[in-house]
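For the record, the sequence lines run as chains A and U. Going by our numbering, the first residue of the first sequence is number 43, and it counts up by one from there. Going by our numbering, the first residue of the second sequence is number 617, and it counts up by one from there.
If you're looking for bench data, these hints aren't it; they were derived computationally from the structure. Careful: at least some of the hints might be erroneous.
[As the list claims (entries may be wrong)] Distance ranges between label pairs, derived from CB positions: (1) Asn-722(U) <-> Ile-118(A): 35 to 41 Å; (2) Leu-681(U) <-> Tyr-47(A): 47 to 53 Å; (3) Ile-658(U) <-> Ser-87(A): 44 to 50 Å.
[To be verified] Cut-off 20 Å, straight-line C-alpha distance, at most; resulting in silico cross-link-like pairs (EDC-like, lysine to aspartate or glutamate): (4) Lys-771(U) <-> Asp-107(A); (5) Lys-813(U) <-> Asp-685(U); (6) Lys-771(U) <-> Asp-142(A); (7) Lys-813(U) <-> Asp-1106(U); (8) Lys-813(U) <-> Asp-107(A); (9) Lys-1116(U) <-> Asp-1106(U); (10) Lys-826(U) <-> Asp-886(U); (11) Lys-985(U) <-> Asp-886(U); (12) Lys-771(U) <-> Glu-138(A).
[What the hints assert, rightly or not] Chain U regions said to be covered by chain A (calculated; three or more residues, Cβ under 8 Å): (13) 753–764; (14) 770–782; (15) 794–808.
Please read these numbers as outputs of a predicted model, since none were measured by experiment. Yeah, the Cβ is synthetic: ideal placement off N, Cα and C, and Gly gets one too.
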Amino acid sequence: METLYSVTVGILTACSIFLILRGRSFPVVVGITMLSYAVNLFLFSTGRLTIDGAPILGTQDSYADPLPQALVLTAIVIGFAMTAYSIILAVRTRGEVGTDEVSDSDSSSEGKR
Amino acid sequence: MLQQHLAILPILIPLFAALLQLLPWGNRPQPKRRAIGLLASILTLIAAVALLVEVQQQDMLVYLLGNWDAPFGIVLMVDRLSALMMLITAVLALPVLIYGCYAEDNLGSHFQALYQFQIMGIMGAFATGDIFNLFVFFEVLLISSYALMMHGGGKFRVRATLHYVLLNLLGSALFLISIGVLYGVTGTLNMADMAVKIQSLTGDQAMLAKAGSLMLLIVFGLKAAILPLHFWLPQAYSTTTGVVAALFAIMTKVGVYSIIRVYSLIFGADANELALVAHDWLWIMGLLTLVAGAIGILAARDLRLMVAYLVVISVGTLVAAFSLSSAATTGATLFYLIHSTFITAALFLLADLMAFERGKTASRIVSGKKMANHSTYATFFLIGAIAIIGLPPLSGFVSKLMILESAAANGHNFWLWGAIIGATFVMLVAVTRAGSKMIWHTLSGKASEQSAPLGKRIALASLLSLTLLISIFANPIRQYTDAVADQLTDVDSYPVHVLKRAGGEHE
Chain A
43 METLYSVTVG ILTACSIFLI LRGRSFPVVV GITMLSYAVN LFLFSTGRLT IDGAPILGTQ
103 DSYADPLPQA LVLTAIVIGF AMTAYSIILA VRTRGEVGTD EVSDSDSSSE GKR
Chain U
617 MLQQHLAILP ILIPLFAALL QLLPWGNRPQ PKRRAIGLLA SILTLIAAVA LLVEVQQQDM
677 LVYLLGNWDA PFGIVLMVDR LSALMMLITA VLALPVLIYG CYAEDNLGSH FQALYQFQIM
737 GIMGAFATGD IFNLFVFFEV LLISSYALMM HGGGKFRVRA TLHYVLLNLL GSALFLISIG
797 VLYGVTGTLN MADMAVKIQS LTGDQAMLAK AGSLMLLIVF GLKAAILPLH FWLPQAYSTT
857 TGVVAALFAI MTKVGVYSII RVYSLIFGAD ANELALVAHD WLWIMGLLTL VAGAIGILAA
917 RDLRLMVAYL VVISVGTLVA AFSLSSAATT GATLFYLIHS TFITAALFLL ADLMAFERGK
977 TASRIVSGKK MANHSTYATF FLIGAIAIIG LPPLSGFVSK LMILESAAAN GHNFWLWGAI
1037 IGATFVMLVA VTRAGSKMIW HTLSGKASEQ SAPLGKRIAL ASLLSLTLLI SIFANPIRQY
1097 TDAVADQLTD VDSYPVHVLK RAGGEHE
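Start from the sequences, fold in the hints, and give me the full structure.
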């Protein structure tokens, strides 16, 4: 299970990094969303992977660590909100600048308000 | 009663103020929102001063949220460093808010509430003693900063914000990964507890923790704008409005604070296999950041961009000096941090005022119309320039002297002396050129008729006068920053204070 899990996290991260390095804002946003999935899975595994373990002490022989679950929950909420915000921002940039190229196409923009 | 909850007040006051400001306040909500904002900023300032006094008496305030015992619940840990940073934030926030109340807050919606949320996030990041909670407060301050940076709208601002947002989202993801690694290795999120656990790591576990700690360095480096990660800063700071840029003067310092906190408490000199794991990187990157900032300042053709590079230079100085990791340099570094925060904020406001009164030429470094309050700005510029460059007698000189003097005791002083004095010379050239172009070489003809409100100038003057106060009261301030540095080197005192209530039965 550990191997499958780590390979999944690894592939997700690799794909997201590939997408983040693209030059347009849409793939970058998708890449960041994917990265946040990878991060959430990774965080979940920091409490060690256990099967059939309740996060309560003393009820069973094996128990799960409840803290990473709480962390993942927080991370999901924040990540979801930020993805929504960055999509809106990317759409607005597309509307105002006229292109969704991430890089500065015109160097004359420097310093103007 | 209030005494007991003092540690959380600087977080709660802005939070409640922001919530109140979001209520519908009738047809003309802005005056009421401004009143709430100003009142909240004054209260926050009082709370920050009270915290500083309190911390001097009893070293460290530990506040257990929800009264959960220390390593299990989230804990606020206000030591001398936190109290100092919170006071800097509160002192900076008030004049900048007063400046913002002169119609700057009408450029977009909810400026006032976002401002308070921003303060809340910054205060929380300084107060917390839990590394995941630090991430949460980073997000709180970042989310407000995303919205504030957009304040006023416009093509270039939107694009700069998009870059800023995407970069910081990536930073947040890395932050979570490194927290995950550290939690997986140590089994705790409490910074004081982690400092204890890190000491006993060996072999593979230590290597994992090292990977986690260096990834954290990338995150904090991104926030603080250290060399390979500083490229977002000049564009972001120079395109946003003056008020927001002035408030953001404290934002890079949040990154610097996190570096100081994590790499002196958790990965400090006592961490056995992981002792001073990041200091070599900080040393090289700090020096290179200084150089990069100096090059940038020479190339800048806009006053706002120039001030943004001055921020980069100050970050480089702070990081390089901190990496020498002696109590004396840390004390001097913190003194420089106080000075540089206020003075860069003041320069952002000054650039904004000058841009407004110059009209068409704005803040570009070219000769333009005479400004309506020409002599006032010339005086402000002179004071600001002397302070930021580091000429006697103002605080810049005092603080740079302190850094150089304390570095002389270390072996590395040649490089640090060279970089700081070289950067000072470059700053002298660049700032003088900007000043003479914009203030002396005015076009003949009538002066501009656009005059900025008196209140804005007073707010700026009060911010600038802090540099005088820092120079006059240099001795007591230095004594305090030295006390901060002493506390930071005394890593063992943190677990004693923070974990004292956690009995042994849970271990």
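Comparing the hints with the structure gives:
no., hint, result
1, Asn-722(U) <-> Ile-118(A): 35 to 41 Å, "36 Å, holds"
2, Leu-681(U) <-> Tyr-47(A): 47 to 53 Å, "33 Å, violated"
3, Ile-658(U) <-> Ser-87(A): 44 to 50 Å, "47 Å, holds"
4, Lys-771(U) <-> Asp-107(A), "48 Å, violated"
5, Lys-813(U) <-> Asp-685(U), "17 Å, holds"
6, Lys-771(U) <-> Asp-142(A), "12 Å, holds"
7, Lys-813(U) <-> Asp-1106(U), "16 Å, holds"
8, Lys-813(U) <-> Asp-107(A), "18 Å, holds"
9, Lys-1116(U) <-> Asp-1106(U), "16 Å, holds"
10, Lys-826(U) <-> Asp-886(U), "14 Å, holds"
11, Lys-985(U) <-> Asp-886(U), "59 Å, violated"
12, Lys-771(U) <-> Glu-138(A), "6 Å, holds"
13, 753–764, "holds (count 3)"
14, 770–782, "holds (count 11)"
15, 794–808, "holds (count 6)"
The structure fails hints 2, 4, 11 (numbered hints given earlier, in ascending order).
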